[in-house]
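Take these sequences, add in the hints, and give me the full structure.
Chain by chain, the residues:
Protein chains: 2
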Amino acid sequence: MEKTKMDIGEAADLFKIMGDRSRLSMVAMMNRRECCVCDFTECFEMSQPAVSQHLKKLRGMGLIKERREGYWTYLSLNEESPFYDMIPELIAAIPGIEDHISSMTASCSRGDCC
Amino acid sequence: MEKTKMDIGEAADLFKIMGDRSRLSMVAMMNRRECCVCDFTECFEMSQPAVSQHLKKLRGMGLIKERREGYWTYLSLNEESPFYDMIPELIAAIPGIEDHISSMTASCSRGDCC
DNA sequence: TGACCATATAATCAAACTCTTATATAATTC
DNA sequence: GAATTATATAAGAGTTTGATTATATGGTCA
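Residue numbers (the numbering used here), protein chains in the order written: chain A, 431 to 544; chain B, 431 to 544.
One should not assume that every hint holds.
Note: identical chains are not told apart, hence a pair may lie in one copy or across any two.
What the hints assert, rightly or not - Okay, derived cross-link-like pairs now, PhoX-like style, lysine-lysine, Cα gap no bigger than 25 Å in a straight line:
no.: 1; residue 1: K487; residue 2: K446
no.: 2; residue 1: K446; residue 2: K495
no.: 3; residue 1: K435; residue 2: K487
Simulated from the structure, these hints should not be mistaken for lab results.
See the structure below:
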């Protein structure tokens, strides 16, 4: 079955969302595995509200879903999203990104976070 | 040989550039074939300076090259760009984009422009 | 040379973006 | 219930974006 067509404007919105270093990194990390909000604040050395506002955008597009566990909220890519199938392809198109994500998350206290 | 690694920030910049409906369409059109500036103004029903400024951004990233012929300037993707290989992959990740581009350019007077 | 044409640049403005600090919310543990 | 913790929201400042109108540039053709 053919994939559902996507309006160019919608696709552009997705690119725009990913057109930010922090958000692109977040998406790439979640493309590997579920992440905790605190993983982001730590890996990016970014304030908690800043992370939260990036997440709000990702959420606003329906790109991510969340799961609560104890104190933490775990985030992952939302398989219900029309963009879900595109994301691994977009990430894979970036040469060497896996190494970048690995070294970025290596410095994270929860080293195995992503 | 492995492709040159790309910084996440650079990749994000590319996404950002493509995170605009007009520019994404332009890139998708040029991914098919060389285009004239006037193709864009016509296909997008957009003013000439607006198109020109989008082109300036694409040029600023080194994403496109140009060729002069008579009155017209022809634009195409620059194979010297480190992003060159990524573009077809990014475009291909958008479901149904070819149909969208086709119908967008069909209304263009120079119907075969892309 | 001079008129014409495609395209680029400048100046401007409103809207959107991204960060910061301060504060609110809501689940958890004692 | 009270203290604690992770996370979200609000408000505000500074920057960037993308359009518009007006003008400049530079090749082409007669």
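Going down the list of hints, with the structure as the test:
1. Taking the shortest Cα distances, K487 and K446 sit within 25 Å of each other both inside one copy (11 Å) and across copies (15 Å).
2. In this assembly of identical chains, the alpha carbons of K446 and K495 lie at most 25 Å apart whether taken from the same copy (19 Å) or from different copies (23 Å).
3. Taking identical chains as interchangeable, the C-alpha atoms of K435 and K487 lie at most 25 Å apart only when both belong to the same chain, with a minimum of 23 Å there against 28 Å between chains.
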